[in-house]
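Novice: Residue numbers (our numbering), protein chains in the order written: chain A, -5 to 96; chain B, 9 to 196.
A couple of the hints might just be wrong.
[Claimed, not checked] Straight-line C-alpha distance at most 20 Å; calculated EDC-like pairs for lysine to aspartate or glutamate: (1) A/LYS28 / B/ASP118; (2) A/LYS64 / B/GLU97; (3) A/LYS25 / B/GLU97; (4) B/LYS47 / A/GLU69; (5) A/LYS21 / B/GLU94.
The set of hints was computed from the structure by calculation and includes no laboratory data.
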Amino acid sequence: MARWSPSTVILATIVTMIATVVITIAKEMSKPIKDVFVTIGGHHWVGTGIVLVIIFAIFTFIPEKTLWRKPPKVERWTWVVMVVSLLSFLAIFLFYVIHFFT
Amino acid sequence: MVHPLIGTHAGLGELAILAFLWAFVELLGPTKSRIRRAKIASLLGAVFFVLSWVTGGTYYVTQYGELVKPVIKAGAEAWAHSIVMETKEHVFLMLPFLGVLQNVLLRRMDLNDPKSRRVILILTGWIVLFALSMVAMGYLISGAYRSALEIITTGAVLLLPLGLVVMLGYFLLARGTAKPRKNVHGGI
Chain A
-5 MARWSPSTVI LATIVTMIAT VVITIAKEMS KPIKDVFVTI GGHHWVGTGI
45 VLVIIFAIFT FIPEKTLWRK PPKVERWTWV VMVVSLLSFL AIFLFYVIHF
95 FT
Chain B
9 MVHPLIGTHA GLGELAILAF LWAFVELLGP TKSRIRRAKI ASLLGAVFFV
59 LSWVTGGTYY VTQYGELVKP VIKAGAEAWA HSIVMETKEH VFLMLPFLGV
109 LQNVLLRRMD LNDPKSRRVI LILTGWIVLF ALSMVAMGYL ISGAYRSALE
159 IITTGAVLLL PLGLVVMLGY FLLARGTAKP RKNVHGGI
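With these hints in hand, go ahead and build the complete structure from the sequences.
Specialist: Below you can see the structure in the form of structure tokens.
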């Protein structure tokens, strides 16, 4: 795993999780957006998965030096990953709760 | 019978949880051999997450949408699909990426540093909890499906005797009305 830099994988994970929330809500709110993902994967959920894998791969393999001169503190940013994952979970859950009752 | 893909998906997900739990335990008191085993367990966990994603996705796309979703939505617990399943299918997508991140950090960070070790340990535990929430949501969805099927079965069981009574009544009534009458000439 010589090419896998912790800081870029952390960034890739954060961006992928935020993208998951944005795509999930956008698909529910707009039929044309949902159709784009259907076109990509044959089913909107498959299309979402494909797009997320591409986003993760792009951010993972960005050369670290192009992003920042001094790599960020991995320990601190790993905490950020966990907080973002929790907030993403809650955002998706609350969106569907509101969507169900309205 | 329950589709084999649903069991495969759940089984692989549970193996992934066990693998990360194993890694978590190994990381509690890391020695050279324990770290080596934690790396193996974490790699297995990430692979199981990906396999669970593929099998669950295949089931979701080919079976769930057509056969299970309409039953749950017609039942008393429609929220199990509209809230729980919708949340699960999207939140699950984050797990394989978290698994990959944990593997990268485990291999690239200095585990002699207590700060690094602590954060990897917590991330590993976090992945276990995150994945366990998928199990809980899967339980709610399966429960709602069974409950909806029970309503259908109960309905059928209750309607069956009623249907038989109606049919019997109709038959007797039909027999009564079809009773041959004597015609005006006295013959049959």
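Novice: Run through the hints listed earlier and report the numbers of any the structure violates, in increasing order.
Specialist: 1 and 2
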